[in-house]
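Protein chains: 2
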Amino acid sequence: MVTSSDRIKEVTVVAPINIALIKYWGKRDEVLMLPYNDSISISINDICAKTRLRIGPSVTEDSVFVNGVKMDLDKEKGFLRLFSEVRRLTRKRKVKDSVCNDEDASNSDKFSKFEVMSETNFPVGAGLASSAAGYAAIAFALGKLYNFDESDIVRIARQGSGSACRSIMSGFVHWKAGIRQDGTDCICETVASPDHWKSLRAIVLVTLHEKKSIGSTSGMRQTAKTSELFRHRVDKVIPEHVKKLRKAIYDKDFATFAAITMSESNQLHALCMDTNPPLKYLSEDSWHLIRIVHAVNDAVKSTKLAYTFDAGPNCTLFLEEDFVPTALAAVKKYCLLTDDLFGMALNV
Amino acid sequence: MVTSSDRIKEVTVVAPINIALIKYWGKRDEVLMLPYNDSISISINDICAKTRLRIGPSVTEDSVFVNGVKMDLDKEKGFLRLFSEVRRLTRKRKVKDSVCNDEDASNSDKFSKFEVMSETNFPVGAGLASSAAGYAAIAFALGKLYNFDESDIVRIARQGSGSACRSIMSGFVHWKAGIRQDGTDCICETVASPDHWKSLRAIVLVTLHEKKSIGSTSGMRQTAKTSELFRHRVDKVIPEHVKKLRKAIYDKDFATFAAITMSESNQLHALCMDTNPPLKYLSEDSWHLIRIVHAVNDAVKSTKLAYTFDAGPNCTLFLEEDFVPTALAAVKKYCLLTDDLFGMALNV
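Protein chains in written order, with full-length UniProt numbering: chain L, 1 to 348; chain B, 1 to 348.
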C-alpha cells in the first residue's frame, strides 16, 4: 500500500542575503518585476534563510511560516505572486508535456499547494534584505522540486521581491535589467565567485529593528514617477558604475570598489530626496556612520573602508581582512549601536 | 575753516534677505563669483540689514561691525573681497576720469578705507541669508556713495556672497548666470515687483541658531566637483524650472509655484547627498516640517503650502493670505520649535 506520506515531497535549501553595491531602484515593469537598471550585489553566505518546502496531498493550503510565525498571505503579496508564477510555469510545462505524455509533469498540479517553513539566522524586518534571502530560498527550493532551470528560478524569485533573484547565486552577482518587454533578457550572472577576492570582508551593522515607514515598492514607484534626476542616473551614471565596479572586482581594487559603492549608496538616497514627496531612509545614526567612515579613511590617508545603505538605516561596511581590527576599534569607539554588531567581519 | 568732519561721507541703507526659490549651488568662476546656473529668489523686506557706511579722513582702516560686534576681516573674507572690488572699480574710473579731469573721482582714493556698521532685525548666523542682506546693503551703500550703476552694485555684492546680489532688488529676482567668461552677462533682473502678488506670504521658521558645520562655499565646491547628477541639473532641469517658475509668478499660480519651489529645495539637498563626502544640511526637525507640509496639502486636497530649505536646517514656508490661519495652527500644533516663529506671515 502506498501511504500518502510517500507522496509528500520535501526539500530544504539555504539562500544568502545579498547587499547591493550598484543599487536597484525602480521597476520598468511591475507585473514582470523588471528593473529599470542593472545592479550588482554581493551575497553574504553567513547571513541566510534556511527554507523547507513541502508539497503533497496533506498540504491542502498555501502557508508560509517565518521563524515560526505564520505569514498573512493576503498582506505579504510577494509569496502569492511567487506561487502564481510557479503555477504558471508548471501549467505551461504540462501543456507542452501532454504531447510527450510525461507522467511527473501531468501530476504536478495535484501537488499545487505549498507549505513553506523558513528560519533565518538574523532578525527579520531589520532591513537586512531578509525577504530577498527568504524569497530566493523558496524559489530555489521550488526549482529543485520541479527541476526548473536557473532562468526560471530567477524569474520566480523576482516575483517575491525584485532583488531576491540576486540571492540565487553566491559571490558577486550582476542582475541585468535587459531591454526586452517580455523580460527574457532580465537575467543574473556571476561576476566572480566568493573565492575570487578572499581578503574582502563585510561588517553588517544593525542600527534599527523597527520596520521602515515607507516600503521600497511604493518608494521606488514614487521616485521613478517624480524624480527629475532618475533617468539621468539610469541612462548615464549606472552603466559607467557597472563597468567600473566589474573591473574593480576583477582587479581586487579596493579603493575603486569603495568609491563606486559609496557613490551608489549616496546616489540612491539622493534620488529618494529628489522624490515628491521626498523619501528619507537614513537616520542620524546612519549619518554618524558615514562620517566615521570618511574620517577613518582620511586618518589613514587611503580608502580602506566603504559603507552602503539600502532603503533603510542599517549599514554594511566593506573592508579588507588586514583592516578589520582598525575598523572594529573605530566603530566600537565612536558608535553607540542599539544592538551589538550583527555580523563581525563576515566572509563574503 | 573746513573741519575734517565736513569731508566725512556717510550713507545708511537697508537691504532685505532673499529666499531662493530656484537654488544657487556652485560657482563656475570662483574669482569673479559667477554661478553655474540661474536662480530666482524672493526678497523678504520685513527681514533686513540696515547698514551705515562711512568714509573720510578719520576712517583710517577697514572695519565692519555687525550688531555691535567687530568682524575679523581676515576670517570673513567676503568683506575684503567686496572692498577690493570697489577699489578696483574706483581706480578704473580714476584712470578714465583723469582724461576728463573729474575732481570727485580723482579724490576717490583718498577716501579708500571703509567703516561699516550693520544692524539686522534677525539673528545673524541662523542660516537666514543674513550675510546676503548684509553684503547687499554694503554694496548698495557703496553704490550710493560712489554713484555706481546697478550692474556694478550687483558685481560688488556678489564678491561678498554670491546670492547677496539678489538682495539688491525687491520682489522676485532672477539672477542670470550668463555664459561669458568675464561675467558681464551675469546680471540680476526683477521678474515681478512685490506688489504683483499681494496675497503671497512667507513664514520663516528658525529651527537652529548654531552655525552650520559645512559652509556653503566649500559645500558647493565639493558638489560641483564630485556629484554625477550636478551637470544634468544645471543643463536640463534648471532651465525648465526657471521657465515654469517665472510663468507661475506671472500667473500667480500658487500650486505650480509650490511644486517648483519644493522640488528645487529637495533637489538641492539631493545634490548635497550625491556629493563625496555627502553633505547633510537638513535636520530631523527639517524633515518633520517637510512631512507636515505634505500632510497639510494632502488634508486639504490641494497645494496650499510650500517649504524651502537652503544650505541649513531652517525653513521658509510660502502660502497665500487666506491660508495663513490654517498653516499657523498646523505648525503650532505639530512643531516644537526651539524658537518662536521668527517671522509670522510676512509680506513678501
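Some hints here could point you the wrong way.
Said to hold, decoys possible - Facing chain B, according to a computed beta carbon distance under 8 Å, are these residues of chain L, among others:
{"hint": "1", "residue": "N147"}
{"hint": "2", "residue": "S151"}
{"hint": "3", "residue": "G215"}
{"hint": "4", "residue": "G219"}
{"hint": "5", "residue": "A224"}
{"hint": "6", "residue": "E228"}
{"hint": "7", "residue": "H232"}
{"hint": "8", "residue": "V234"}
{"hint": "9", "residue": "Q267"}
{"hint": "10", "residue": "D274"}
{"hint": "11", "residue": "N276"}
{"hint": "12", "residue": "H294"}
Quick caveat, the hints were computed from the structure, so don't treat them as lab data.
Just so it is clear, CB atoms sit at the ideal spot from N, CA and C, and this is done for glycine as well.
Cross-check of the supplied hints:
With a least beta-carbon distance of about 44 Å to chain B, the hint placing N147 of chain L at the interface is violated under the 8 Å criterion. For S151 of chain L, the shortest C-beta to C-beta distance to chain B is roughly 32 Å, which exceeds 8 Å, and the interface hint is violated. Here the hint on G215 of chain L is broken, as its CB sits about 16 Å from the closest CB of chain B, past 8 Å. Nearest Cβ of chain B to the Cβ of G219 of chain L: about 14 Å, over the 8 Å cut. The hint is violated.
Below 8 Å, beta-carbon pairs count as interface contacts, and A224 of chain L has none with chain B, the closest being about 15 Å; its hint is therefore violated. The restraint placing E228 of chain L at the interface with chain B holds, with a minimum CB-CB distance near 5 Å, inside the 8 Å limit. Checking H232 of chain L against chain B by beta carbon gives a least distance of about 4 Å; that is within 8 Å, so the hint holds. For V234 of chain L, the shortest C-beta to C-beta distance to chain B is roughly 12 Å, which exceeds 8 Å, and the interface hint is violated.
Interface hint status for Q267 of chain L: upheld, as the beta-carbon distance to the closest one in chain B is roughly 5 Å, under 8 Å. Hint status for D274 of chain L: holds, given a least beta-carbon distance of 4 Å to chain B, under 8 Å. Hint on N276 of chain L holds. Least Cβ distance to chain B is approximately 6 Å, under the 8 Å limit. Taking 8 Å as the C-beta cut-off, the interface hint given for H294 of chain L holds, the closest approach to chain B being about 4 Å.
In summary, the numbered hints that this structure violates are 1, 2, 3, 4, 5, 8.
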